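Enquirer: Listed below, chain by chain, are the residues.
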Amino acid sequence: MTLATPDKETMDILLDLGGEKLKICYQCGTCTGTCPWNLVRDFNVRKIVHQAQLGLVDFEDEDIWTCATCGACVKRCPRGGETIDVMKAIRKVVSEMGAGKVPDSLRISIKNIASLGNPQGEAPEKRADWAQGRDVKTFTPQTEWLYFPCCIPAYDSKVKRMALATVDILGKMGIDFGILGEKEKCCGESVRKAGGEETFQSLANTNIQTFTESGVKKVLVSSPHCYHTFKNEYPELGAEFEVVHTTQLWAQLLEEKKLNFSREIKKKVVYHDPCYLGRHNDIYDEPRRVLEAIPGLELVEFEDSKQNAICCGGGGGRIWMDTPKGERLCDWRLEQAVELGADILAVACPYCMLNFDDSVLTLGKEDVIDIKDVSELVLEAI
Amino acid sequence: MGNVESINSPNSILVVGGGISGITAAVEAAEVGYEVILIEKSPYLGGRVARMNHYFPKLCAPYCGLEINFRRIKTNPRIKVFTLAEIENISGKEGDYDVTVKLTPRMVNDNCTACGKCVEVCPVERLNDLNYGMDKTKAIYAPNPLSFPTNYVIDTEVCPGAECSKCVPVCPYEAIDLSMTAESVHMKVGSVVMATGWKPYDATKLDNLGYGKYPNVITNVMMERMAATDGPTQGKIVRPSDGKEVKSIAFVQCAGSRDVNHLPYCSAVCCLGSLKQVTYIQEKNPDAKVFLFYIDIRATGYLEDFYRKVQGYENLSLIKGKVAKIKEDPQTKDLIVEAEDVAQGKKVSEPVEMVVLATGLVPSIADTKIAADITYDDYGFIASQPPGIYAAGCSKRPADVSNSVMDATGAALKAIQSIVAGGQNG
Amino acid sequence: MDKKLGVYICGGCSIGDSLDLDKLSEVATKEYKVEICKTHPFLCGKEGAQLIAKDIEDGVNTVVIAACSPRAQQEIFSYDPGVVLERVNLREHVVWSHTPQDEDTQMLAEDYLRMGIAKAQKVLPAEPYQETIDKTILVVGGGISGMTSALEAAKAGYEVCLVEKSPSLGGWMSKLYKQYPKHPPYQQLEDTGIEAKIKEVEGNPRIKVFTGAEIEKTTGAPGMFDVLVRQNGSQTSLRIGSIIQATGFRPYEANKLDHLGFGKYPDVITNFQMEELARQGKIKRPSDGKEVESVAFIQCAGQRDENHLPYCSSFCCLTSLKQALYVTEQNTDASVYVVYKDIRTPAQYEDFYKRVQEEQAVFFTKGEVQGISEGGGCLTVEVEDTLLGEKIGINADLVVLAVGIVPNSMPEEAKKATAEAESSEEKCEGAAERAPDSGFYAAPALQLKYRQGPELPTLKYGFPDSHFICFPYETRRTGIYSTGCVRQPEDSATSIDDATGAALKAIQCVEQSSKGMALHPRAWDQTYPDLFMQRCTQCKRCTEECPFGMYDEDEKFNPLPNPTRCRRCAICMGSCPERIISFKDYSVDIISSMLKAVEVPEEDEEKPRVIAFLCENDAYPALDVAGINRLTYNPYVRVIPVRCLGSMNIVWIADSLSKGIDGILMIGCNYGDDYQCHFIKGSELANYRMEKVQETLQRLVLESERIEVWQLSISEYDKLPKIFDDFLETIERVGPNPYKDF
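Quick note, the sequences are listed as chains A, B and C, same order. Under the working numbering, read the first sequence as residues 22 to 403, first letter to last. Under the working numbering, read the second sequence as residues 1176 to 1601, first letter to last. Under the working numbering, read the third sequence as residues 53 to 794, first letter to last.
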């Protein structure tokens, strides 16, 4: 019988690929205990980390693609470990060194992004179609704001409502903004988490180049994923522009009394913290401030909110992968919202919206609860 | 005890802290023949051990040893004890230290016979800090029937003072003097032993474990009081929420310890402490199911025997896995403990009626770092000191009673050497 | 001495309200014809204290204070050694625990006063045992512990003799390549610094070093030991005050670990051999001298295993972490695997664990080693990995077994009895002495010429430790202290603290002895046993039962007391059938006269009487607490405190019964594995003796229920009232003592 033997080379590679922190893990299992996946299925984070520590990762195992990089375990790790980096490193070994097989749906999405700049495989020239019928101009160096909607609102017939709401508000506020349309490419945040480092690099560089050439100074984003990478990762590659998430802008306009609500929304609303807005960037209050300002609106909280918010399951490339029914965090989260008796589940991330829209259908909750972007509610209340 | 004076005995040793380490250093030095001044900031000696139910691994009563030590103190004219006393200032060098000690007024003088008449009339109640706030005493109280000194004490924080004075006339011995004020004692001493001890880590900082939020989540030090006959529940292990006898309980190891977000070091005593508390359950609630969640069980030396003994208890499940989260069922006030059972390789959610957090040790000296030439490590433990000052027990590192006593005995000798050398050790 | 008694009765703390003090005074004045008997409402107050002081000035030399517990107001009621003081506990044991203004309560108080006076009449002032005490400290063992004890004692101004078996000082520390960090931030390996320490010892004028030397014979007692040291043929005789045994440890025999391939494969070595390799420079494989590229450490190689060493050796985890760095420091490409059960890096050592984890080449995993095999030019360690839940194989050039330690006091072959012990076959008490924890058991180190064996008695696993938590330096041979790894598994940092403490205890021993004072736990005691040899029958009970080996024996089996070995527990006094062993303030006769002072009502009065002998350190204070908490209990019980239940002499039972006492309670400390008796075996011996007594009772057609022996901890005060009340029910059931009206 031949036994698996710890493999230093593999471990060294994982360290080189950014998994340094895996060394200090002392195998307490806090990550597994914290990971939201275990609400709906078994997922042993600790074990994968230990396999990495011993260079014994099973690169064929689908579980290495399970982590949604929500960061819940990172916040709790008693050793200050960086689980996401470890997962990233493992995935890199597969996608870049061919150690195993990238799940088809993910592979195709990344291929699309690489070739067409969007995961859906849509034509780049169609990227601005969502804005048809709206007075949305193309960004010029004189424009104050670049609005960067993210691939999903740009192409998804339903999710585009968050982009539309956004531009409508901007219009009403008379804020000077524009879009880059077909020049936009996917921000690459999730590609990177999925191990597609090279693809990410080229996307980032193209975007940075486009932005610089177009003279972009301030970017408004609807997606916390775009926000995260623009704000925390692009600068390393030479980006120099300000990034603002829609919820932040709305909150600021409220404060400056530029944004005023006249219409009541007599609804019970629960706000779902997107991992990349909340845990990854500590933006918890702005969206809540905006919602609380809406007359008649009753804001309720999940038992697990803010730092402890449960992920929708869409991060880390999961958004492009199929999750079997019964194992979907978004379904679990939606049920939670329904139990709370909320009429509206307010989101602030296109991934969350896509996931929850789907959950509403599959769980048949159309008459029970609506999924709305914070921007939609803002627009209704103006 | 300390009526104000200035003590000028450069050949004497000052011991700061009247816990087991300080008491040991004091009596051991005095029984060699040296003058010792022992100061303690609370109204009684014994420190943390006086608040424990049993010691591991012998499961004996701390007051058994304390009783002997108190008798050694009472029968030894070379030991001078000041309670409610704290160092205000310390200067000088080996063989010649100038120390100012601040005395908080006890409001009860040495006429007190501990007859208890005053308590009957006292109208004011206070949370009993000795029982970690789990019950109340009157504003005038005796810490514990076995404590030393036996004099009653008034909690000036809550006592209305002169305007009330109900206790003053009922005391047949004119022992209560509400006009007492804080005083300072100046002393010259030859050397100093720092035995300032430890305090439990603030468990409210462990937001995922629900302490302070859920009534049935308690800490290990509270459990010691609960199990004690003279404790707030007269030794019954019951749920704070409803006083119901506990039928299932979980111990959460490393509650703060070995955690870069809290206490990066290991607190060294919590594993054995919890194993000991498992025996309380075994004795008092024999049917209760017990779960103990740990990372590593650190039973060094022949404490391993005790670990093995407790492992034999069939109602105990030892689960390797750090607790990630504790939730409460708002109806029943039961708790759900979430962790990975590493041996099984999967997450478990264990419903229990009560949870004990094995919170770690924090050096007491960390918040009142003495203005002497002492250096501290990143965690506030004493790392080094000038000749003439010697750290003992948990002011130096987390340690159990037996090791603290060993260490304190050694510190007593170092302090003696400083006097013998007359300051020539540096 | 001609006694001038003064009796002082306090009326304070509701004593006056609950009792008829005039009637009480009459006990003194009428029954005992005491001339000076005063009552005062507040005896511990200034005025009261002065009252007594004045009478002492005027010649009172025996003071009976009937007030609160003797544990209270001790500072106020303390007089110069010439004055005999007896405290009668009217407060905690009478008025606070019994119905006020009640006939039985009054009777209780009166009996206690009688007992107090009866005792006071017989107690004499202590006359300290004064001998010329030599204050030289002998340290046996020249490792880190021994050298530390020697230096620390010398720094305090004491002469020291240091005896080391091997040709040079240093012990195991001098065999180490480096030591793991002992200082913040616990990141870098440190030099052992042992060379400097050796120089310091050798250079210290107060320390006389004997290397290559062994102890041939130790006679005498603390302050006056005569030690014969053999050093390369020649003998030196030393006068010694006290002894520190720091004889250290040896590694566990790895050849018992064949399941881990030791002895089978040359490249399986122990952690101790690993130090040698490291000291030689590059770490190479023993088999072929190849520089190691991969090393596997197996933790708990024998430790925590009941077939080998049931205990944990405390420092093996840290040692392997350290040795892992030896490997990575010499070869950054090397890989190191550590297989553990639990990583035990207590306190700030956790920082060092983290630091070694960060070392790229070091792998940790938790698991059970299934076996070791050879093949493909390396060894393969098969591990059932608990973290992966599967078996893995670790390939390594070198396998290091982290073996544990065995105290050198542990004999190679566990011999049990010796001729001396067997010579007293018929004495069951002797059985305790022939158990593996006796002084006959341990391997030769001190060669004591003691009746109870040549070495420190050991407890579990051959460590000469008394396992006291709050008094870790207690041993069962007065003035001889064990320290370092011979006492318990501990690392060098702890050993240094430990050895410093041991030095203090050794110094304390000679200082206390020079004042004729006892050592812990009766450090204040200046009395010592006095034997009336004319009546000795050479029964050897005292010589066998003393927990501290105080008595030697002459060829006729006469006991030869060594007062400076005595801890004043009076267990010998309890053991003596001839009642010839007495202390000035504590003797068979004194207690008997207290018993006889109790007034036993006629049978028809239906007031039974029970005597309760209570351990004065635990049960007695517990009864005080019962009083302080105002718990009430049967007033027919008369309490007598004893130094240790082991000092109970059977004759007291006889005296009580013949006096008509209906029952006897004895309450001592817990015994057994977790014994809490501060004289080690006192309560156990008492229990053993009483079993014998109960047999005798049956022969005298007296019900054995008339005697009960209890184990009680000081914190179990709440149990006492029930013990008393239940016992009185038993007594009422079995009926009055038939000898009552004789």
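Among the hints, erroneous ones may be present.
As the list claims (entries may be wrong) - A short list of chain C residues far from chain B (calculated; beta carbon distances all over 12 angstroms):
#, residue
1, Arg123
2, Gln332
3, Lys443
Unchecked claim - Restraint ranges, calculated between C-beta atoms of paired labels, are given here:
#, chain 1, residue 1, chain 2, residue 2, range
4, C, Thr782, B, Ser1416, 55 to 61 angstroms
5, C, Asp385, A, Glu322, 51 to 57 angstroms
6, C, Asp69, B, Val1333, 50 to 56 angstroms
7, A, Lys327, B, Asp1310, 32 to 38 angstroms
8, B, Gly1291, C, Ala706, 56 to 62 angstroms
The hints are simulated quantities; they were obtained by calculation from the structure and are not laboratory data. None of the values given here were measured: they were computed from a predicted structure. Glycine is no exception: its CB is placed at the ideal position from the N, C-alpha and C atoms.
Enquirer: Taking the hints in turn, state whether each one holds.
Expert: Okay, the hints, checked on the actual structure:
In this structure Arg123 (chain C) is not separated from chain B by more than 12 angstroms, as the shortest Cβ-Cβ distance comes to only about 8 angstroms. Residue-level check passed: Gln332 (chain C) sits 31 angstroms from the nearest beta carbon of chain B, beyond 12 angstroms. With a cut of 12 angstroms on Cβ distances, Lys443 (chain C) stays outside the contact zone with chain B, its closest approach being about 14 angstroms. At roughly 42 angstroms, the beta carbons of Thr782 (chain C) and Ser1416 (chain B) sit outside the given window of 55 to 61 angstroms.
Hint check: Asp385 (chain C) to Glu322 (chain A), Cβ distance near 53 angstroms, so the stated range 51 to 57 angstroms holds. A hinted range of 50 to 56 angstroms is violated for the C-beta pair Asp69 (chain C) and Val1333 (chain B), which are about 31 angstroms apart. Checked against the hint of 32 to 38 angstroms, the pair Lys327 (chain A) and Asp1310 (chain B) passes, with Cβ atoms roughly 35 angstroms apart. The given range of 56 to 62 angstroms is broken by Gly1291 (chain B) and Ala706 (chain C), whose C-beta atoms sit roughly 41 angstroms from each other.
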